[in-house]
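*Asks:* Can you build the whole structure from these sequences, using the hints too?
Just so you know, the sequences run in chain order A and B.
Taken in order, the first sequence gives residues 0 to 191; the numbers are from numbering that gives the first Met the number 0.
Taken in order, the second sequence gives residues 0 to 423; the numbers are from numbering that gives the first Met the number 0.
No wet-lab data here; the hints were simulated from the structure.
Hints should not be assumed to be uniformly reliable.
[Stated by the list, open to error] As a list, the in silico SDA-like pairs of lysine to any residue whose alpha-carbon atoms are at most 20 Å apart:
1) Lys94(B) / Val153(A)
2) Lys279(B) / Val393(B)
3) Lys37(A) / Phe111(B)
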Amino acid sequence: MERKKTKSRREFIISSMRFGMVLSLGGVGGLAFRNSTKEQWVWQIDPFKCSWCGRCATHCVLNPSAVKCVHAYELCGYCDLCGGYLIPGHSARSTAAENQLCPTAAIERKFIEEPYYEYKINEDLCIGCAKCAEGCSAFGNGSLHLQVMHHLCVNCNECAIARACPSDAISRVKASGPYLMKGDFTSDGGET
Amino acid sequence: MKHITIILPVLLLLAIAITDQSHAQQRFPAPEFESGYEYPEVAAPEPRTLALEYVDVMVLLGFMLLTSWLVIRKRSRQWILWLSVLALLYFGFWKGGCICAVGSLQNMALSFSDPSYAVSYTVIAFFMLPLAFSLAFGRVFCASACPLGVIQDLVVINPVRVPVWIQRSLGIFPFVYLALAVLYAATGTDFIICRYDPFVGIFRMGAEFHLVILGISFLLIGMFVARPYCRFVCPYGALLKVTSMFSKYHLSITPAQCIQCKLCSGSCPFGAIEKPTTGKLMDDMKGRSGKFLLYAALIPLLVLVGGLTLSSAHVFLAKAHPDVYLAHLLIEEPAIINDPDNLDVQTFLASDRTLEELVVSAGEIQATFRTGTRYAGAFIGLVAGLFLVSQYVVRRRTDYEPNRGDCYSCGRCIRYCPVQKQDA
Numbered sequence: 000m001e002r003k004k005t006k007s008r009r010e011f012i013i014s015s016m017r018f019g020m021v022l023s024l025g026g027v028g029g030l031a032f033r034n035s036t037k038e039q040w041v042w043q044i045d046p047f048k049c050s051w052c053g054r055c056a057t058h059c060v061l062n063p064s065a066v067k068c069v070h071a072y073e074l075c076g077y078c079d080l081c082g083g084y085l086i087p088g089h090s091a092r093s094t095a096a097e098n099q100l101c102p103t104a105a106i107e108r109k110f111i112e113e114p115y116y117e118y119k120i121n122e123d124l125c126i127g128c129a130k131c132a133e134g135c136s137a138f139g140n141g142s143l144h145l146q147v148m149h150h151l152c153v154n155c156n157e158c159a160i161a162r163a164c165p166s167d168a169i170s171r172v173k174a175s176g177p178y179l180m181k182g183d184f185t186s187d188g189g190e191t
Numbered sequence: 000m001k002h003i004t005i006i007l008p009v010l011l012l013l014a015i016a017i018t019d020q021s022h023a024q025q026r027f028p029a030p031e032f033e034s035g036y037e038y039p040e041v042a043a044p045e046p047r048t049l050a051l052e053y054v055d056v057m058v059l060l061g062f063m064l065l066t067s068w069l070v071i072r073k074r075s076r077q078w079i080l081w082l083s084v085l086a087l088l089y090f091g092f093w094k095g096g097c098i099c100a101v102g103s104l105q106n107m108a109l110s111f112s113d114p115s116y117a118v119s120y121t122v123i124a125f126f127m128l129p130l131a132f133s134l135a136f137g138r139v140f141c142a143s144a145c146p147l148g149v150i151q152d153l154v155v156i157n158p159v160r161v162p163v164w165i166q167r168s169l170g171i172f173p174f175v176y177l178a179l180a181v182l183y184a185a186t187g188t189d190f191i192i193c194r195y196d197p198f199v200g201i202f203r204m205g206a207e208f209h210l211v212i213l214g215i216s217f218l219l220i221g222m223f224v225a226r227p228y229c230r231f232v233c234p235y236g237a238l239l240k241v242t243s244m245f246s247k248y249h250l251s252i253t254p255a256q257c258i259q260c261k262l263c264s265g266s267c268p269f270g271a272i273e274k275p276t277t278g279k280l281m282d283d284m285k286g287r288s289g290k291f292l293l294y295a296a297l298i299p300l301l302v303l304v305g306g307l308t309l310s311s312a313h314v315f316l317a318k319a320h321p322d323v324y325l326a327h328l329l330i331e332e333p334a335i336i337n338d339p340d341n342l343d344v345q346t347f348l349a350s351d352r353t354l355e356e357l358v359v360s361a362g363e364i365q366a367t368f369r370t371g372t373r374y375a376g377a378f379i380g381l382v383a384g385l386f387l388v389s390q391y392v393v394r395r396r397t398d399y400e401p402n403r404g405d406c407y408s409c410g411r412c413i414r415y416c417p418v419q420k421q422d423a
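*Replies:* As structure tokens, this is what we get:
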């Protein structure tokens with residue numbers, strides 16, 4: 000008789016604790032839904048905030064980084080003397096390796112017509128070091144800029160580059176507008 | 000609310016348009032090509048679709064439903080093992096670890112403290128589902144849905160018995176880690192659980208050097224001290240432990256009446272099997288109710304001491320926030336502005352922000368930390384108090400039973416029970 004009583008008391012405590020926890024869990028969930036969205040978030044770089052520090056190449060959990068240079072062709076001046084392609088103090092305006100700014104020779108220079116040259120990024124070679132983007136912004140139109148490539152990015156819960164970014168240029172954007180390309184802001188992505 | 004959804008994108012576009020103009024550097028006009036050249040397409044691969052994120056939630060749900068059935072009805076360690084390997088492959092190596100339930104508690108904390116940080120439904124589901132299942136069936140999430148737990152479970156080779164007092168004392172650390180993780184997430188400083196996740200580097204086959212070392216050491220230790228991360232570190236495990244204590248159903252070692260054969264007593268590598276309370280133990284506990292009452296009365300004091308202790312460290316803890324760190328650096332070492340290699344300082348100097356603005360921002364963050372550390376410290380004090388009190392609670396137990404808080408429902412002990420299920 001005594002035993003039975005203790006047991007039922009314990010059961011009562013356990014079941015009322017359980018009930019309380021179900022309620023609080025429901026409460027937490029309900030509150031969380033008030034500040035929630037159907038959309039998924041992805042990480043992206045605001046090219047206007049980027050200060051080309053080079054940490055995108057070194058701080059991504061992936062190697063090579065999921066950050067790549069993209070080229071907004073419509074902004075490009077197609078210059079022969081390209082600040083993003085040629086190293087400062089280059090000996091000749093040629094495709095020779097010693098004249099290239101890109102450490103992995105990921106920019107392909109192609110003659111279009113006098114006096115215009117097209118600069119195309121080879122994504123497989125690009126490491127996202129932002130040297131070309133810095134040169135292009137310093138001497139040119141700033142058409143070369145960095146973006147997180149979403150077929151590579153593993154979408155970490157907290158982006159390791161965002162944490163290291165000195166200019167706070169990386170933020171979450173909605174997956175429906177996953178890029179913040181220069182010269183094209185038709186996406187409805189927003190910062191948080 | 001509806002207005003905001005309309006106004007916000009418009010404002011954003013406007014803001015972008017303004018910044019666009021101020022940043023416009025059209026030093027060289029776009030050429031007018033005569034050769035009929037057309038602009039190549041700019042590469043912009045789409046991210047993973049939303050549908051796949053929902054598939055992940057369904058997979059998680061499926062894994063936990065199946066595990067619950069295997070643990071409680073089917074009672075098969077073999078099946079649980081294979082299911083856990085599948086979970087490791089899918090959530091760990093295929094998906095790369097994110098988003099996971101353990102990390103999601105930080106997103107939840109940040110969304111509560113920062114109204115501009117909206118969480119997606121997937122994150123809420125990943126946070127809620129394992130806890131809900133734990134209330135119903137025990138820690139089935141740990142058994143075979145959590146890739147972090149499973150990778151440790153698979154390397155258990157020769158588990159040693161950790162002395163009970165060490166196991167219980169170290170068991171407080173997950174609650175401390177939980178308090179700090181919520182503090183850092185809610186202040187928008189950092190997601191420390193993700194940052195110091197020892198296994199995600201293994202899933203992705205690449206991480207910072209010190210994290211790889213940490214992950215490998217956890218696995219090496221895990222051969223002898225089973226599931227070290229789950230037992231002594233995992234902050235989400237702390238939550239699951241509490242919910243699992245009050246679960247409706249739970250794994251039982253024996254399918255019918257226990258025959259006291261003691262075969263299962265050494266089978267749990269996690270030290271989660273409780274012995275029956277013998278007469279001697281009950282005698283030992285006699286006269287300890289005084290201590291129980293003493294420690295119970297001490298709880299408010301511990302809460303106070305905890306809150307005060309941690310909040311006295313709020314200046315130090317707040318330095319993890321980049322703004323606070325930078326403000327401290329610039330005030331304490333003004334000469335740092337001449338260091339061209341310090342990227343953070345140089346970027347700050349090149350930006351529009353003034354030192355005054357930075358100091359104001361840092362001061363606000365520090366004030367948030369003062370409040371936050373009080374709560375976090377009080378929580379740690381409460382946990383410590385409850386831990387002390389629980390040392391003097393003895394449940395009358397006649398059989399060998401799993402400790403519902405510590406049991407991961409891995410099913411190892413089921414194999415050791417010679418009792419056959421009687422067909423009714």
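*Asks:* Between Lys94(B) and Val153(A), does the CA-CA distance stay at or below 20 Å?
*Replies:* holds, 8 Å
*Asks:* Quickly compare the C-alpha distance for Lys279(B) and Val393(B) to 20 Å and report which way the hint goes.
*Replies:* holds, 12 Å
*Asks:* Check the hint pairing Lys37(A) with Phe111(B) against an upper bound of 20 Å on the C-alpha distance.
*Replies:* The hint holds at about 17 Å.
Comparing the model with each numbered hint stated earlier shows that all of them hold.
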